[in-house]
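Enquirer: Sequence:
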Amino acid sequence: MKILLVEDNKRLGESLSKGLKEEGFIVFHEQDGFKARDLIFEQEWDLFILDIMLPGLTGIELCELIRFKKIITPIIMLSALGEPDDKVKALDKGADDYLVKPFHFKELISRINALNRRTNNYQQSIEEDLFCGNLKLNYKAHKVERNGKTIDLSQKEFLLLKTLLEHKNEVVNRQTILQNVWKTQQDTYTNVIDVYISYLRSKIDSKSEDKLIHTIKGRGYMISDNQ
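No gaps in the numbering here: position 40 of the sequence shown is 40 in full-length UniProt numbering, and each next residue is one more.
Don't take every hint at face value.
Stated by the list, open to error - Below are the DSS-like pairs computed for lysine-lysine, each with C-alpha atoms no more than 27 Å apart in a straight line:
(1) K10 / K106
(2) K168 / K217
(3) K168 / K203
(4) K93 / K149
(5) K70 / K35
(6) K18 / K136
(7) K89 / K2
(8) K136 / K21
(9) K106 / K70
(10) K183 / K69
(11) K101 / K162
(12) K70 / K89
(13) K21 / K10
(14) K143 / K156
(15) K140 / K211
(16) K156 / K136
(17) K149 / K162
(18) K101 / K35
Claimed, not checked - Distance ranges between label pairs, derived from CB positions:
(19) K101 / T150: 42 to 50 Å
(20) S208 / R67: 31 to 39 Å
(21) R117 / R67: 51 to 59 Å
Calculated from the structure, these hints are not laboratory results.
Please read these numbers as outputs of a predicted model, since none were measured by experiment.
Note that CB positions come from ideal geometry on N, CA and C, so glycine has one too.
Work out the full structure: start from the sequences and follow the hints.
Expert: What follows is the structure in structure tokens.
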């Protein structure tokens, strides 16, 4: 795994870089936001670890640029700012995870491994069609069909359906939905989930006797053709 670490604290950056290399990662350490921006677009990376407070461009600005360029490489943000609003802002701008300083190095490694597993599963899922009964989702074509008829979904509706289909016949809790669709785990979004589930039902189930989307009271939602 090839990692770009952007941390302006030289001592911390060198310590993290050394530890990551000892774990078998290829690591490039940069301290300046502008120089990091050039490296981001000049090479292919498997992971970005970005400090928020940087000279030149901040970590948040780098995160925005990465996502604006449609680069889906995972991003872990590092910050001494631990307030919920700071985390929400970073996640809303496209970060995949957020670590508050000081943190244990083993926790960073655990977060990296979790992101790597998630990325591998994501890559596998975009190469395969997802099904539930006569419902089909094709990720590459951004296409959903039921009984051979195309269903038009918004981006969020599409991601919500994809999340449910990836866990077909399993209860999907709100935290999983928030992370996969809205890239956050903040409870302030939970009412939005109910609204989008309603949108999906109206488009997918309203014209069919066989209902696929089910509410599991107190636990979450499930898509299944066995209910």
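Enquirer: Confirm or reject each hint.
Expert: Structure-based check of all given hints:
{"no.": "1", "hint": "K10 / K106", "in the structure": "20 Å, holds"}
{"no.": "2", "hint": "K168 / K217", "in the structure": "17 Å, holds"}
{"no.": "3", "hint": "K168 / K203", "in the structure": "18 Å, holds"}
{"no.": "4", "hint": "K93 / K149", "in the structure": "35 Å, violated"}
{"no.": "5", "hint": "K70 / K35", "in the structure": "20 Å, holds"}
{"no.": "6", "hint": "K18 / K136", "in the structure": "46 Å, violated"}
{"no.": "7", "hint": "K89 / K2", "in the structure": "26 Å, holds"}
{"no.": "8", "hint": "K136 / K21", "in the structure": "43 Å, violated"}
{"no.": "9", "hint": "K106 / K70", "in the structure": "30 Å, violated"}
{"no.": "10", "hint": "K183 / K69", "in the structure": "18 Å, holds"}
{"no.": "11", "hint": "K101 / K162", "in the structure": "34 Å, violated"}
{"no.": "12", "hint": "K70 / K89", "in the structure": "19 Å, holds"}
{"no.": "13", "hint": "K21 / K10", "in the structure": "16 Å, holds"}
{"no.": "14", "hint": "K143 / K156", "in the structure": "13 Å, holds"}
{"no.": "15", "hint": "K140 / K211", "in the structure": "26 Å, holds"}
{"no.": "16", "hint": "K156 / K136", "in the structure": "17 Å, holds"}
{"no.": "17", "hint": "K149 / K162", "in the structure": "18 Å, holds"}
{"no.": "18", "hint": "K101 / K35", "in the structure": "23 Å, holds"}
{"no.": "19", "hint": "K101 / T150: 42 to 50 Å", "in the structure": "48 Å, holds"}
{"no.": "20", "hint": "S208 / R67: 31 to 39 Å", "in the structure": "36 Å, holds"}
{"no.": "21", "hint": "R117 / R67: 51 to 59 Å", "in the structure": "21 Å, violated"}
The structure fails to meet hints 4, 6, 8, 9, 11, 21 from the earlier list, while all remaining hints are met.
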